[in-house]
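Trainee: Starting from the given sequences, assemble the full structure and let the hints guide the process.
Going down the list, the sequences are from chains C and V. Position in the first sequence (first residue = 1) + 73 = this note's numbering. Position in the second sequence (first residue = 1) + 7 = this note's numbering.
Be aware that one or more of the hints could be misleading.
What the hints assert, rightly or not - Okay, derived cross-link-like pairs now, DSS-like style, lysine-lysine, Cα gap no bigger than 27 Å in a straight line: (1) C:K185 <-> C:K162; (2) V:K66 <-> V:K237; (3) V:K237 <-> C:K185; (4) C:K185 <-> V:K221; (5) V:K66 <-> V:K221; (6) V:K230 <-> V:K66.
Just so you know, the hints here were simulated from the structure itself, not pulled from any lab data. Here the structure is a predicted model, which means the values were calculated and not measured.
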Amino acid sequence: MQWFACYLTTGKHMGFYVSFGTVLLLLAITAPTALAFGFAAAGAARSAIAPLRWIGKTYIAIVRGVPDIAFFLFFVIALDQAFEWMRHKVKCADWDQPIRQGNDFVVCAAAKLPLGNSPQWMHETYGFFLAVLTFSIVFGAFAGNVLFGAMRAVPHAQLETAAAYGMSRRQVFWRILVPQMWVFALPGLSNLWMVLIKATPLLFLLGVEDIVYWARELGGAKTPRFTDYPHDDWRMWYFLALLIFYLAFTRVSEVVLTRLMTRLTHGQATTGGEAQRKAAT
Amino acid sequence: MKSLILGTAALALSASVAFAASHSVVRLGTEGAYPPYNFINDAGEVDGFERVLGDELCKRAELTCEWVTNDWDSIIPNLVSGNYDAIIAGMSITPEREEVVAFTQNYTPPSPSSYVGATADVDIDNGVIAAQTGTIQAAHIANTGATLLEFPNPDEIVAAVVSGEADAGLADKDFLIPAVEESGGAMVFVGEDIPLGGGIGMAFRQSDPELREKFDAAIQSMKDDGTLNKMIAEYLGEDSPAF
Numbered sequence: 074m075q076w077f078a079c080y081l082t083t084g085k086h087m088g089f090y091v092s093f094g095t096v097l098l099l100l101a102i103t104a105p106t107a108l109a110f111g112f113a114a115a116g117a118a119r120s121a122i123a124p125l126r127w128i129g130k131t132y133i134a135i136v137r138g139v140p141d142i143a144f145f146l147f148f149v150i151a152l153d154q155a156f157e158w159m160r161h162k163v164k165c166a167d168w169d170q171p172i173r174q175g176n177d178f179v180v181c182a183a184a185k186l187p188l189g190n191s192p193q194w195m196h197e198t199y200g201f202f203l204a205v206l207t208f209s210i211v212f213g214a215f216a217g218n219v220l221f222g223a224m225r226a227v228p229h230a231q232l233e234t235a236a237a238y239g240m241s242r243r244q245v246f247w248r249i250l251v252p253q254m255w256v257f258a259l260p261g262l263s264n265l266w267m268v269l270i271k272a273t274p275l276l277f278l279l280g281v282e283d284i285v286y287w288a289r290e291l292g293g294a295k296t297p298r299f300t301d302y303p304h305d306d307w308r309m310w311y312f313l314a315l316l317i318f319y320l321a322f323t324r325v326s327e328v329v330l331t332r333l334m335t336r337l338t339h340g341q342a343t344t345g346g347e348a349q350r351k352a353a354t
Numbered sequence: 008m009k010s011l012i013l014g015t016a017a018l019a020l021s022a023s024v025a026f027a028a029s030h031s032v033v034r035l036g037t038e039g040a041y042p043p044y045n046f047i048n049d050a051g052e053v054d055g056f057e058r059v060l061g062d063e064l065c066k067r068a069e070l071t072c073e074w075v076t077n078d079w080d081s082i083i084p085n086l087v088s089g090n091y092d093a094i095i096a097g098m099s100i101t102p103e104r105e106e107v108v109a110f111t112q113n114y115t116p117p118s119p120s121s122y123v124g125a126t127a128d129v130d131i132d133n134g135v136i137a138a139q140t141g142t143i144q145a146a147h148i149a150n151t152g153a154t155l156l157e158f159p160n161p162d163e164i165v166a167a168v169v170s171g172e173a174d175a176g177l178a179d180k181d182f183l184i185p186a187v188e189e190s191g192g193a194m195v196f197v198g199e200d201i202p203l204g205g206g207i208g209m210a211f212r213q214s215d216p217e218l219r220e221k222f223d224a225a226i227q228s229m230k231d232d233g234t235l236n237k238m239i240a241e242y243l244g245e246d247s248p249a250f
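Mentor: Written out as structure tokens, the structure reads:
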């Protein structure tokens with residue numbers, strides 16, 4: 074008992090506990106950002122302006138088509154290099170060496186992101202920010218597709234009626250389309266949310282130490298030479314803890330999403346909304 | 008003439024200032040999952056042979072160093088992309104890797120790799136052999152008649168051998184010695200040791216020769232005064248080959 078109390082409070086385990094917070098924080102930031110990306114993409118994809126429409130549709134099609142893991146391995150480094158390249162062009166205009174030297178990507182010291190001599194937490198925060206951005210871009214494309222479908226599911230007659238009452242395109246979009254589309258989008262979005270929860274182990278590919286990394290690291294068999302707390306292969310128990318965490322989290326999400334669905338259905342011209350109306354009378 | 012000299016001096020000065028600025032902190036990338044070379048200790052910090060070695064090298068080269076852990080799979084891409092300045096992660100010097108990165112001289116002699124199995128009579132020529140992805144051992148198995156079973160980190164090789172998922176595993180002997188000793192007979196060495204690779208070295212970007220030379224000189228000084236051999240004996244075991 075004493076042994077376990079000490080074992081579970083080592084610095085390594087603290088890292089494990091903190092990583093739960095990292096994952097939750099990532100989800101809390103990524104979900105709204107991805108939704109914003111998706112909303113913009115869906116809006117662009119049904120825009121009346123052709124170039125905007127092409128951009129929206131291309132973004133949705135390309136990102137959905139590329140395998141996640143390839144995207145994560147390639148994209149984070151590409152994104153990082155793109156930022157540094159831009160800073161390099163601005164800050165070190167008189168730099169005369171090539172940026173690509175063989176396999177190497179070399180920018181001037183002032184353009185490094187974060188600066189080479191900044192403390193480790195800055196590097197970690199930056200890595201986390203890149204992770205959020207990458208997740209948002211990937212999941213934004215899926216959300217965009219869901220929202221695009223949801224926008225088309227809103228009865229067209231309603232939009233025409235609104236136009237007939239003299240509303241502008243913008244007014245029709247914001248006052249008629251957007252409030253009504255959520256009920257059609259929610260099932261698809263809730264699926265995405267569940268997938269996003271389970272996609273967080275990809276974080277370690279981005280250098281962010283997440284719960285799966287720590288579970289693997291802590292659970293692996295430890296010999297007395299390298300630790301004060303030797304044990305056998307305990308990965309099963311650590312992953313069991315993760316399983317419970319993920320299941321609990323999924324359950325909570327389901328409850329919240331069901332409530333949200335009930336609220337959104339209220340007063341809608343759908344079978345769900347109709348059922349609510351009948352039950353109330 | 009005078010202005011030329013001044014100009015050259017100014018250029019040299021600005022170059023050295025730029026160098027100092029870009030390397031005021033040298034970031035050392037490691038895997039943190041390869042005892043005794045590098046691992047995460049109970050306090051959650053990088054520890055092991057390479058931690059001690061790296062800190063000593065930085066002291067000798069008069070550099071401030073910082074440790075960073077990175078997944079083995081993406082350890083080279085992140086180096087060439089500039090996310091850290093050096094790899095010190097039990098990485099053997101091989102011609103394939105030298106095409107992408109620049110190595111210092113080796114800081115361990117070419118060390119043997121060994122097979123481990125549940126019993127001494129497993130078939131290492133035709134069986135299923137576990138190794139870590141992207142290592143010289145994995146490349147070696149691919150060239151034999153055996154079936155290669157790849158794992159992202161070395162702990163899982165040991166787990167796969169113990170559980171019977173793989174007939175045998177192939178890894179650096181220095182990594183396997185403690186694992187076999189502590190397994191309580193669940194795992195034994197199989198067959199002869201095989202020498203692979205050209206020893207372990209630190210890897211740098213090819214565009215960064217100044218920094219590589221500093222570490223190269225520091226490694227040379229540790230070889231010359233015998234501290235490296237002492238360190239190898241202390242952390243990798245008395246039987247591990249020394250210089």
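Trainee: If a hint holds in the structure, say so; if it does not, say that too.
Mentor: Right, here's what the structure says about each hint:
no.: 1; hint: C:K185 <-> C:K162; result: 12 Å, holds
no.: 2; hint: V:K66 <-> V:K237; result: 17 Å, holds
no.: 3; hint: V:K237 <-> C:K185; result: 38 Å, violated
no.: 4; hint: C:K185 <-> V:K221; result: 22 Å, holds
no.: 5; hint: V:K66 <-> V:K221; result: 11 Å, holds
no.: 6; hint: V:K230 <-> V:K66; result: 15 Å, holds
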